[in-house]
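A.B. asks: Could you fit the two chains together into a complex? Lean on the hints.
Residues per chain are reported as follows:
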Amino acid sequence: MINIKNLTKKYDDFTAVDDISLTVKKGEIFGLLGPNGAGKTSTINMMIGLFFPTAGEITINGIDVIRQTKKAQTVIGIVADESNLYNEMSGFDNLCFCGALYGMNKKQRELKAKQLLKQFNLHNTGNKPFKAYSKGMKRKLTIAAALIHCPEVLFLDEPTTGIDVESSRQIRELILELKNQGTTIFITTHYIEEVQRLCDRIAFMVNGKIVACGTVLELMNSISYNHSVHLTVDKNPQNFILEFEKRFEGSSAIAKDEKSLVITSKEKIPLLEILNFFQEKEIEVYQARQLHPTLEDVFVKLTAVESAILKKEKEKGDQQ
Amino acid sequence: MKNLIAFFNILKKDINNYYLKPPNISWGIIFPLSWTLMQLLRCPDSNILELLPGLISTSVLFGTTSMLAVTITFERSGRSFERLLLAPISLNTLMLAKITGTILFGIFNAFVPVIFAGFFIDLSGVNWLMVFAVVFLIAVTSSLMGLLVAVSVEQVFEAQTLSNFFRFPMLFLCGLFIPVSNLPLFLRIVSYCIPLTYGADLLKGAINNNNILSEKLSFSMLIIFSIALFIISRYNIEKNKSK
Ligand SMILES: Nc1ncnc2c1ncn2[C@@H]1O[C@H](COP(=O)(O)OP(=O)(O)OP(=O)(O)O)[C@@H](O)[C@H]1O
Ligand SMILES: [Mg+2]
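Residue numbers (this note's numbering), protein chains in the order written: chain W, 542 to 861; chain X, 1059 to 1301.
Isolated chain X (complex conformation) (with noise of 0.2 Å):
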């Protein structure tokens, strides 16, 4: 009970103080809009169904983990989240509590394109329950690897460059806008110890019914990263206690 009073309480603190200042939701519907329209200035005659997947991982994964880096490097450098760390919450809910602020928003970036699409195309051959269950684990992997970042760095700057390090690559080998296939035998490697190609993968197959992995598969590896990364940054917390 008292773990989820300190739960909410964070959760809604965050979503106050960070995801709806209007500098963040501006970039939360701006960013995503920018990209969608890049790629269809880009290229005129595309499918906008095609572009989807791409377009909503790409959100997902720039809200995600540039809010974090926000929430938590912020808090770190003005020493509030060490009130975080001395509140007698178990660490598990108080990582809980930090990503879910960011997985909401990074579901919200999700669906700016979608509903952008909206307007144009028809979307009634989507699995809209494939694509939301998809989006809520892109949103948690890339939250928990923002955090990964967060926790393992000192300032906001360092958590962006960080952040870039590992976001950019992401994009370009989860195969989204070069197929996994044409990739080199070290990068098709590289791309399958991404969770995005998974994620990814499995909104080709949602939207348009052209994935190439299992769903099942996909849907375990997502979870394992999820699982993985949460112990992962669990340790590197409690690491950081014994500098």
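Bound-form chain W, shown alone (with noise of 0.2 Å):
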């Protein structure tokens, strides 16, 4: 549906999107996570065809944005990193009005304005006008004018920054709806947890660069990491811990309290022997829970780039 090919973007001497490639398939949801200047909006801007890349190549469809910047414009629906709609005009004319550069007649932006407006859950205050939406309500029309148009793809620039959680949760669910309505998504976040729940697939975005790109469960698997488990047991661990270690060779346990312990490996140590050894020794197991690596771990370790500056900003993004 989308390929990129060795797209760089340059400011004067400032490298801002630097040699990538990426596809996105139809009817997926694709997540660009990346903190602050890592250059995912100058990537969308690109793809959009607002701004020229320096270099490099862009199809959506088959259309080359680059040289068919209107045609593509007909099939895609944008969503900016800022909500940008007319202060003045009421949702509903703002609606009509985003509706008519697509070259709609009057019934059929009316009705699909009405359709969005309710699908929205913003029916109540369609007639107020922009200026005296809320934030959350702001972001919501917003994406819903670019929906007017029923676009093919739809690029949405940080959909969730300083939104409320509750206004955040009703905009990813309608993402959601949309995807299954078979409309081809294009995200970009500096929220972990929200490329995770909503993406199909994610790209890793540093300094410009697409540093990996996969599944959550092959950006897991990507990196090598120990395997570790957490027991809850009836006696302390400081008595049995070495005797566990001299059993499993090459893994390593550590007490965490008087009560609990973490084992961790290389290699998998099947839980049923764990439980065994237990069992052996007469102590009981309350409760034993396998820790995964999180995707924060996993972008941690590919990025070089603490997961806490990603978090700042989320804060930062909040008080806004």
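Since the hints were made in silico from the structure, they are not lab data. As the structure is a computational prediction, the values presented were derived from the model and not from experiment. Warning: the hint list may mix true and false statements.
[Unchecked claim] With beta-carbon atoms standing in for the labels, derived distance ranges:
(1) W:H664 x X:S1278: 53 to 59 Å
(2) W:D559 x X:I1281: 44 to 50 Å
(3) W:N668 x X:I1282: 44 to 50 Å
(4) X:I1281 x W:L717: 52 to 58 Å
(5) X:L1187 x W:E598: 51 to 57 Å
(6) W:N668 x X:V1214: 25 to 31 Å
[To be verified] A short, non-exhaustive set of chain X residues, derived as facing chain W with CB atoms under 10 Å:
(7) L1062
(8) A1064
(9) G1136
(10) R1141
(11) S1210
[To be verified] Cross-link-like lysine-lysine pairs, in silico, DSS-like; alpha carbons within 30 Å at most:
(12) W:K669 x X:K1299
(13) W:K750 x X:K1079
(14) X:K1070 x W:K566
(15) X:K1070 x W:K611
(16) W:K546 x X:K1299
(17) W:K676 x X:K1070
(18) X:K1299 x W:K672
(19) W:K653 x X:K1079
Ideal Cβ placement from N, Cα and C applies to all residues, glycine included.
C.D. replies: Given below as structure tokens:
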């Protein structure tokens, strides 16, 4: 559906997007995850034909975005990183106006606008001017405006940044609903949980480069990690740690407190064998939980960017 | 057809959102009116008919350039202008839609002093068809100058400053207040590079029958300026894409 080849964007001497290539398949949600200044917006702006790339190729649905920009724009919907509708106009008028920009006639656009207001749960405020909307409502209307002409591909630049938890949840649900209706979705964000919850495939972007790309599972498997099990028991772990390590070579057991321990090993130890060991020692196991690396761990390992950087921005975004 | 729908809706939106807003209507009436009164008070025994070409030109020039500074620069800083650039309509359609509102506003401005003058003097000797055609062309060229300024800067105040940088010298060099023939050679050359010089001269001819340049030449120059300004503005918008 979307094909990007060797895409580069330079602002004077500064390279904001550095020779990236990726493909987005039809009907999937593709997430571009990266910290501030990674080059996400620059990438999207080239994909939608707002800026010319310094080098590289972009096709959407087989249409060359650089040479046939206007043709490509008929099949895409765009949600910019700011809610940029017209302040003086009502929600309904804003949607109708956006429909008119895509050449829809009055009847078509009014019908679709009503339908979208309802779908986005904004039908009670459709007559209020945009400037009177709350931040979350503005964001939702901006997304609705991008859908007025039923695009095949939807671009969303940070759809939930600076929005409260409830509105973000609603927006994510709407995005999933669109995917189910067959829309291909390209989304940028710096929320790890967001890509994990929404996206079929993810690319990590740092300093203008794509560091890794794949499904959550593929990304998890791309790093080597230790297998860990967290156990809660009825005796002090200090008493049997050494014996455990002797029995399972290459493993290490660390007591967390008087009733719990974490067992780590390079090779996976079947849970049953661990439980058998404790049974022999007449130690009761209350709980055994396998610890998986999170996408956050994968991100940190692959990009060498501390996840705290993403989180810090998140808070900043929330305060805005 | 699709371009036409977009064209009319952009025009309609601009008229409703900007031109019909009370502050802008009042600016469109008060500015030409006070300019007219100022001229009358300055020289009470002057012939209103002699003043009319200057008043019309000034009103159009200021009305159009100030409005475009608002409708485009304002939308650019609020980033709603991006929507128009990202819509599947040709850049020509977009530019025409944006300046049509301003041109209409400029024409409205132009007739404020005319109506005002109509209360005091007999205007029956005026070639109205000619006045209308010239006002239209002045409105087109000044709208396009406003467009050029608006797409070249980022903020509304920058647009106002930059347009004043052009507007005031133009006003004094276009032959309305100081005859072009009285200007030193260098300024005379500059004067002939200003579209308003030709527009003002045509207005003088249409109202007072005292034009200096041939009408054919002036009309051709105004049309050439319009086309050139359109192309340069278009080029500037395209250039912004490569920044
Ligand atoms: N018009 C511009 N001129 C010069 N530099 C720019 C321009 N736009 C972006 N940059 C720079 O390019 C880099 C990438 O910016 P971009 O906005 O694409 O990042 P981003 O990943 O979208 O960040 P954010 O999460 O803050 O939105 C940044 O360092 C930014 O300062
Ligand atoms: Mg961004």
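A.B. asks: Look at each hint and say if it fits the structure.
C.D. replies: So, going through the hints one by one against the coordinates:
no. : hint                         : in the structure
1   : W:H664 x X:S1278: 53 to 59 Å : holds (56 Å)
2   : W:D559 x X:I1281: 44 to 50 Å : holds (48 Å)
3   : W:N668 x X:I1282: 44 to 50 Å : holds (48 Å)
4   : X:I1281 x W:L717: 52 to 58 Å : holds (56 Å)
5   : X:L1187 x W:E598: 51 to 57 Å : holds (54 Å)
6   : W:N668 x X:V1214: 25 to 31 Å : holds (29 Å)
7   : L1062                        : holds (8 Å)
8   : A1064                        : holds (5 Å)
9   : G1136                        : holds (6 Å)
10  : R1141                        : holds (7 Å)
11  : S1210                        : violated (17 Å)
12  : W:K669 x X:K1299             : violated (34 Å)
13  : W:K750 x X:K1079             : violated (48 Å)
14  : X:K1070 x W:K566             : violated (39 Å)
15  : X:K1070 x W:K611             : holds (23 Å)
16  : W:K546 x X:K1299             : holds (19 Å)
17  : W:K676 x X:K1070             : holds (27 Å)
18  : X:K1299 x W:K672             : holds (29 Å)
19  : W:K653 x X:K1079             : holds (29 Å)
The earlier numbered hints that this structure contradicts are 11, 12, 13, 14.
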